[in-house]
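Asks: In case you want the letters, here they are:
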Amino acid sequence: MKELLLGRLDWHALPHEWFTIGGTIGFILLPLLALAVLIRIRGWKWLWGEWLTSVDPKRIGIMYFIVAGFMLLRGGLDALMVWLQQAMAAGTAHGYLGATHGYLSADHFQQIFTAHGNIMVFFVAMGFVFGLINYIVPLQIGARDLASPFLNTLGFWLYVGGVVMVNMFFGLGGEYAATGWLAIAPLSESQFSPGVGVDYWIWSLQISGIGTTLGAINFIMTIIKMRAPGMTIWKMPAFTWASLCSMIMAMTVFPLLTATLFLLFFDRYLGTHFFTTMGGGDPMMYTNLIWMWGHPEVYILVLPAFGAFTEIVSTFSRKRIASYMSNVLGMIGVSAFALSVWLHHFFTMGAGADVNAFFGVMTMFIAIPTSVLIFTWVATMYKGRIRFTTPMLWFLGFIAVFTIGGMAGVVLAVPPADFQLHNSLFLVAHFHSNVIGGVLFGIFAALSYWFPKITGIRLNERIGRYAFVCWMVGFCLSFIPMYILGIMGATRRLDHYDASTGWQPFYILMLVGGIVIATGVALQLVQIMASFMQKRRLGDTTGDPWDGRTLEWATASPPQSYNFTVIPEAPTRDAFWEMKQRGLPKRTYEDIHVPKNTAAGIYIAAFAFLACFGFVWEITWLVIVSIIGVLAVFVARTFDDHTEHTLTAEEVRRLESERKQRDEAARKQKDTLTPLNIKGAEDMGLLEFARTVLAFGWDVLKNKRWRRWQKQS
Amino acid sequence: MARNGKKHLLGRTLGPILGVLFCLTIFVAVLLHGYNVALFNPKGAIAHEQHSLTMLVVAIMLVIAIPAVFLVYFIAWKYREANRTVKRNPNAGHGTLLNASMWLVPLAFMVVLASIMWPATHRLAPQNQIAADAKPLTIQVIALRWKWLFIYPEQKIATVNYVQLPVGTPVTFELTADEAPMSSFWIPNLGGMLYAMTGHVNQLNLVADTLGDYPGSSAEINGAGFAGMKFTASATSKDDFDLWAKNVHQQSGVLGTVEYDTLRAASENNPPAFYAVGDSSLYDTVLMKYMGAHQQAAVESQTPHQHGGYY
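If you read the protein sequences in the order shown, they are chains W and Y.
For the first sequence, this note's numbering assigns the number 1 to the initial residue and increments by one for each residue that follows.
For the second sequence, this note's numbering assigns the number 1001 to the initial residue and increments by one for each residue that follows.
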């Protein structure tokens, strides 16, 4: 009876170890508390009606940023825990908290780096990339919305489902997969990993992966069909091109991930033998399938970063993108080659020399379009007028880090060299160089570039520079020792090692670097807070703080829910730049169709989450009920004919004039700051920030302000 | 004034980064002193070749990477807003020649690299027998949870987490696994790694050319005992090896079914152990356990282990 009702779930699943209790409090209870506070202040109705059920890609984009930012902290904490263990665990040193080495058991240590990898790739990098594409692409192509706003909210909530699922093990089960981030079979089979950890892994990836596929289809449709009049495919902005390439790749390979995960699930749940070592199964098939998705995945993440860098270099050099065709063909080339290099992740599996050499050549050739991209950025800067704002600093940092990582990558593409370097810390350092240097720096550059568009406030430049320096210094301290450890013969994922190897000082350096990076992240949070504190000074009333070139700068910051009052025309590549030269077109008002908010996406994602939860714990009735729920909501939604409402021209005129008055008032308040006049002195520094926070705290205490807040809410 | 301000600003950003890099270089040089930097310390022909190939590839890439990175920073610095002495042109950076060279220069480098890499991959394929005067030695390797079992079929001995090999004699490691997830066999001082998987045989040919004890490990995560799955590869003279093998055969207990079942069970951080081998078909039994009937027939109809793994 109990089994029928609860499956594998029982009392032992509740948190009872220090990390599960801590995790439950930190990652389940604290967010709930924060949500409660938010509801208390602004009201549930506002949160639900304006945000959670929103189909506006701009709001969904911001929600992606918030979730991904939170997950960045979570994944970063994992990284610090991994490095702390490795810094402690040399030789027979005394262990703590009941562990033989360091402070973590081998199994727990393996769970942490697995979670780190999954969270950083799926829920940080993917989250930020999808957030950026959501926010920026419709604006750049001069569209009011996406091709399917409903699919977009569904994709986002499936992603949130994945986020919840990946943190769920703290509260129920107490174990995550201890298999490495790709859960290579047969280690992930029930023979070697019988617990629920791998099931949590499967279903958190499955649910968010399906969301990604839906999102990719939606963005491809949007970019192909909804561009502004005049914007032919060879006039699209670079970021839109990058997004298109990235999404086409995602649509191609994510179904492969879905299928692979299902096969692994069949093995574990139904006892089939696709990837087992017995019964005719072959684990090598798993390795092939997962990397056929896994390799392009990295390029799905890095291409939008390339696109953002292209925009940033062009804007801050005050030049159009030089050699635009080479730039775009470079991005297309990268995505085409990326689909045919997966075998370089396992040259060491024992394929013949012909197979290995072929994939080695393909891998090397991917360096060609990548180099072309770098050359087009140089050509864009050439004879330009370059401003070193923080987005540009991230770009310059990216060049150094990414080149080192890329060179390490070409070395790894030579099979005989790879036999020595594969699965060593050299490999780990290589892909962190590319993913941190390429993807994460790209995301930071893009966020600080588009932050004024998203919030109407430019980010604090001074604290931004401090954060950048911390990231660069921390990166060098962490990953240069990691390359060296690889060369010394240290394999990845070691929870302990002999003291005689001489590795410990390097592991300690890595930990120190990690702490410096954490300081950088803290500074970035301070930077955002400080920018909001100087809202009046840093506010952008023009919609165009950087003297931009593409259409997203042609509308207000933040843009209206309908993006553009009048759909702009884009007869040239730098449409907005040309518009500014010729003079802006006159405003006329027209009726605008706006999609209505819907909660169907949340309901479907919630049922899908419950179904996955049922699969993890083998609760059959829950799976059946939830799948029926998914279908029922989906069918009900298809019968809903009233998915849009119309803003009349009169309403639009009223909204626009209100905004105009607000902007005018803000402009008068603002000191004589001109948007292009960016100097460090204008933005508050750390001391001033601390002083402001302390003064505010003192004011709250002295005047008992919380009483007034209570009254207000 | 504005110019100084800008310079100061960039200097403050660059200064800490370069300073840390400089200190790190010195620190690293001191820390490395006296330790085994395995990949720069090759002790066998294969490791030597892999090392020099890696260095060659790095050198060729530096030829393009250093100027490219320098170019980025030079151009960025030269055309900074504060520089009043430079000519600007918002339309620069186009043209057929420029575009062509953007593609052709990296293409040329990659063609050079590929033409080095293709023959090297074939020459250094792990399953290639190493040419030498000495008669090659075969060692069968079984990855277990979490220990390495080495079987010497000719010497009729077996060892756990310890492998001894004569200097100058090419060794063929025949890698497989039993009831263990995929593992990776790596002795960095002697040469690169290869996976050990159930039901497959991967041939890894290595040779040691210097006396010494070299660390070996599993490089692929395979469960809780992964970090402790280490062994020592001891390269000795031919005479010492023969004597050692004889002693082990005469003085150790026999590796029978009971002993093998004990080894097959999961255990962590195993110390070296030594056995005499009576039943020489153990390795084939382990291998056949994972093969369906049709696969077995296919294997029997051809010379075994000729294509390096993909049965």
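There may be inaccurate statements among the hints.
[To be verified] Result set (DSS-like, lysine-lysine): computed pairs, CA atoms no more than 25 Å apart in a straight line:
hint	chain 1	residue 1	chain 2	residue 2
1	W	K383	Y	K1246
2	Y	K1246	Y	K1156
3	Y	K1078	W	K383
4	Y	K1156	Y	K1087
5	W	K596	W	K235
6	W	K383	W	K535
7	W	K580	Y	K1087
Think of the hints as simulated: they come from the structure by calculation, not from any bench.
Computed from a prediction, not measured in an experiment: that's the story for all the values here.
Asks: Does each hint hold? Answer for all of them.
Replies: Hint check:
no.	hint	in the structure
1	K383/W to K1246/Y	violated (77 Å)
2	K1246/Y to K1156/Y	holds (9 Å)
3	K1078/Y to K383/W	holds (9 Å)
4	K1156/Y to K1087/Y	violated (80 Å)
5	K596/W to K235/W	violated (31 Å)
6	K383/W to K535/W	violated (34 Å)
7	K580/W to K1087/Y	holds (24 Å)
Checked against the numbered hints above, the structure breaks hints 1, 4, 5 and 6 and satisfies the rest.
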